[in-house]
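First to last, the protein sequences are chains G and P.
Okay, so the first sequence: first residue is 189 according to our numbering, each after it adds one.
Okay, so the second sequence: first residue is 189 according to our numbering, each after it adds one.
Each hint should be verified, as a subset may be incorrect.
No copy is singled out in the list; a pair is fine if it fits within one copy or between any two copies.
With a straight-line Cα cutoff of 30 Å, these simulated DSSO-like cross-link-like pairs (lysine-lysine) come out [unchecked claim]:
1) K280 <-> K467
2) K467 <-> K393
3) K280 <-> K202
4) K500 <-> K280
5) K202 <-> K427
6) K326 <-> K202
7) K326 <-> K206
8) K280 <-> K206
9) K445 <-> K326
10) K280 <-> K200
11) K427 <-> K469
12) K200 <-> K393
13) K427 <-> K206
14) K469 <-> K200
15) K206 <-> K469
16) K427 <-> K326
17) K202 <-> K393
18) K500 <-> K393
19) K206 <-> K445
In case anyone wonders, no lab produced these hints; they're calculated from the structure.
There are 2 protein chains.
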Amino acid sequence: MKSEFNFLSDLKSKYNLKHIGDDCAVLPMSDRYDLLVTADMLIEDVDFRLEWTTPEFLGHKALAVSLSDIAAMGGSPKWALVSIGIPDSLWKTNFLDRFYSAWHELAQMHGVELVGGDISRAHERVVIDSVVGGEVEKGRAIARSGAKIGNAIFVTGFLGAAAAGLNLLENGQRFDPSMSTIIRHLLLRQLQPLPQVRTSILLQKYNLATSMLDVSDGLSSDLTHILRASNVGASLLSKHIPIDPATAGFPQGEPLKFALHGGEDYELLFTVEKENIPKAKDLGFHHIGEITPNIGVIEISNGNETSILEPKGYRHF
Amino acid sequence: MKSEFNFLSDLKSKYNLKHIGDDCAVLPMSDRYDLLVTADMLIEDVDFRLEWTTPEFLGHKALAVSLSDIAAMGGSPKWALVSIGIPDSLWKTNFLDRFYSAWHELAQMHGVELVGGDISRAHERVVIDSVVGGEVEKGRAIARSGAKIGNAIFVTGFLGAAAAGLNLLENGQRFDPSMSTIIRHLLLRQLQPLPQVRTSILLQKYNLATSMLDVSDGLSSDLTHILRASNVGASLLSKHIPIDPATAGFPQGEPLKFALHGGEDYELLFTVEKENIPKAKDLGFHHIGEITPNIGVIEISNGNETSILEPKGYRHF
Numbered sequence: 189m190k191s192e193f194n195f196l197s198d199l200k201s202k203y204n205l206k207h208i209g210d211d212c213a214v215l216p217m218s219d220r221y222d223l224l225v226t227a228d229m230l231i232e233d234v235d236f237r238l239e240w241t242t243p244e245f246l247g248h249k250a251l252a253v254s255l256s257d258i259a260a261m262g263g264s265p266k267w268a269l270v271s272i273g274i275p276d277s278l279w280k281t282n283f284l285d286r287f288y289s290a291w292h293e294l295a296q297m298h299g300v301e302l303v304g305g306d307i308s309r310a311h312e313r314v315v316i317d318s319v320v321g322g323e324v325e326k327g328r329a330i331a332r333s334g335a336k337i338g339n340a341i342f343v344t345g346f347l348g349a350a351a352a353g354l355n356l357l358e359n360g361q362r363f364d365p366s367m368s369t370i371i372r373h374l375l376l377r378q379l380q381p382l383p384q385v386r387t388s389i390l391l392q393k394y395n396l397a398t399s400m401l402d403v404s405d406g407l408s409s410d411l412t413h414i415l416r417a418s419n420v421g422a423s424l425l426s427k428h429i430p431i432d433p434a435t436a437g438f439p440q441g442e443p444l445k446f447a448l449h450g451g452e453d454y455e456l457l458f459t460v461e462k463e464n465i466p467k468a469k470d471l472g473f474h475h476i477g478e479i480t481p482n483i484g485v486i487e488i489s490n491g492n493e494t495s496i497l498e499p500k501g502y503r504h505f
Numbered sequence: 189m190k191s192e193f194n195f196l197s198d199l200k201s202k203y204n205l206k207h208i209g210d211d212c213a214v215l216p217m218s219d220r221y222d223l224l225v226t227a228d229m230l231i232e233d234v235d236f237r238l239e240w241t242t243p244e245f246l247g248h249k250a251l252a253v254s255l256s257d258i259a260a261m262g263g264s265p266k267w268a269l270v271s272i273g274i275p276d277s278l279w280k281t282n283f284l285d286r287f288y289s290a291w292h293e294l295a296q297m298h299g300v301e302l303v304g305g306d307i308s309r310a311h312e313r314v315v316i317d318s319v320v321g322g323e324v325e326k327g328r329a330i331a332r333s334g335a336k337i338g339n340a341i342f343v344t345g346f347l348g349a350a351a352a353g354l355n356l357l358e359n360g361q362r363f364d365p366s367m368s369t370i371i372r373h374l375l376l377r378q379l380q381p382l383p384q385v386r387t388s389i390l391l392q393k394y395n396l397a398t399s400m401l402d403v404s405d406g407l408s409s410d411l412t413h414i415l416r417a418s419n420v421g422a423s424l425l426s427k428h429i430p431i432d433p434a435t436a437g438f439p440q441g442e443p444l445k446f447a448l449h450g451g452e453d454y455e456l457l458f459t460v461e462k463e464n465i466p467k468a469k470d471l472g473f474h475h476i477g478e479i480t481p482n483i484g485v486i487e488i489s490n491g492n493e494t495s496i497l498e499p500k501g502y503r504h505f
């Protein structure tokens, strides 16, 4: 069956679309700024389950995933639209009040204003489309296609906790105030992710990233997106992958798998010129590997042997 | 139960939202232009039925409704995002190819580029969120709130055909090439509406409209939106309502009801200063009434007697 990725690239070539395929569209806006726009659709029982989350977490996450796309391009979010379809049963409750209350809390934190959207009746399931618009200095949007051979590969923070949290939810764990700090952390990384908006602005200030995206599908899949867009390869050292320490209670090997393939951590994955490695390290980012000429291929070494890391991760189809 | 309209105005006052409540958000963009953005969510079995339409009509209409919102503000559409959730059963067919093919035909006609969106798996039903961005000369977006007492009320074209088409669909009529020209016209006004993008540009050229929106919910409802936003009232002459002649085969009285309450014709409803009445008439627009001081109230006269026209029309909840 055709994948979503293939469908989009077919569309792109069939209709000669120039602005599709990165985290955001980059459009001319003024002499000083380019406009960034991104849309993310979240469907109940595909992207979230109401039994696992709360209206507040859902409102937060719906905005967070789109803010993360703006951050992934090096931009600043400015405005948003939310379209939501909800069944009658929820319309009668305080679901929407709680959803929008948390949505606004995150929006205000980043100076984002709700400027429109749509509210509709749906049948059985909730559906949300989150659209965020932002700005970036003209010509300074950071695409996936800028990685060069010899560049170093960095991530902004720990990986794997969101996947570990999903694993706990799948195994019946629910968010409740009496749980341990570690379990709470893992569930919150899944249910209430923090987009790296300010980190991205910092990266832009130092002009560090040559390519960038956010870790939404999983490191192996997202790095592959950079490699394909940039026509390069990558080599990683597994001991340098910043596995979230809160995943340590899982069976041996699982935390690394969560970090490599889990997705939804919404950290930024980016490449820098060799001479900027010290600067990126000083800022606290994690140096995980190098860009190679081996187009589309990720090699991963555990110190003794090197294997090929296949992209795995979240795919809708 | 709280209506969608009330929910939005609650949100607006609760969070002090300045850009919500018109057909589009109007946002600062450059020294010369303001940015317009609008979102419309279409949900299967709420906003459309797959048995009544085709993937092509649906692709066309998904874009048309949002283009119409841009036209309603006096803007020019420039780019669009489409988020679509479809069940596996349709993913396996050529549904999306047909949907996007018609979407693009309409987009190209208006110089609109697809710049992003999302494709997701859905459960039983198709859901579409259509977002369009456009431009308008700085300060020249036409809001609902600009109608003044004594202004004349105009519509750009015939009303009622889309509602008549819906009535035929509800009664089992399906689109088929052998049907009569009249039936074809009525069904197409419902299934494949034409947004008044160029008409809006013409209105802007002559600086005619003091307030404007598109007839999507129905003339009585949409005019009420203008009256409430402008703190005015309206009086209409029923014989001046431009009822689509193709509805003449319906029982007496039905065509006027379609025209007054039916919605989805996507003609523009606008007000003009008294001295611009001849110009608006010259351009072929229909003069249907006047703005009065009777806040929020529509009076309608049949020549002999005057009654109050209650807003009826499409409401999701």
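Do the hints match the structure? See the list:
1. K280 <-> K467: For K280 and K467, the Cα distance exceeds 30 Å both inside one copy (53 Å) and across copies (49 Å).
2. K467 <-> K393: within (12 Å within a copy, 54 Å between copies)
3. K280 <-> K202: Between. Shortest inter-copy distance 19 Å satisfies the 30 Å Cα cut-off; intra-copy 44 Å does not.
4. K500 <-> K280: between (40 Å within a copy, 22 Å between copies)
5. K202 <-> K427: Neither. Shortest intra-copy (43 Å) and inter-copy (49 Å) distances fail the 30 Å Cα cut-off.
6. K326 <-> K202: within (28 Å within a copy, 35 Å between copies)
7. K326 <-> K206: Both ways: K326 and K206 sit 17 Å apart in one copy and 27 Å across, limit 30 Å.
8. K280 <-> K206: Cα proximity of K280 and K206: across copies only (27 Å, versus 43 Å in one copy).
9. K445 <-> K326: Answer is neither: 38 Å inside a copy and 52 Å across each miss the 30 Å cutoff.
10. K280 <-> K200: Between copies, since 20 Å is at most 30 Å while 42 Å is not.
11. K427 <-> K469: within (16 Å within a copy, 76 Å between copies)
12. K200 <-> K393: Intra 32 Å, inter 35 Å, cutoff 30 Å: neither.
13. K427 <-> K206: Cα proximity of K427 and K206: none, with 39 Å in one copy and 50 Å across.
14. K469 <-> K200: neither (37 Å within a copy, 44 Å between copies)
15. K206 <-> K469: So K206 and K469 fail the 30 Å test inside a copy (35 Å) and across (42 Å) alike.
16. K427 <-> K326: neither (38 Å within a copy, 55 Å between copies)
17. K202 <-> K393: This pair counts as neither: shortest intra-copy Cα distance 37 Å, inter-copy 35 Å.
18. K500 <-> K393: Result: close neither inside a copy nor across copies, 33 Å intra and 54 Å inter.
19. K206 <-> K445: neither (35 Å within a copy, 46 Å between copies)
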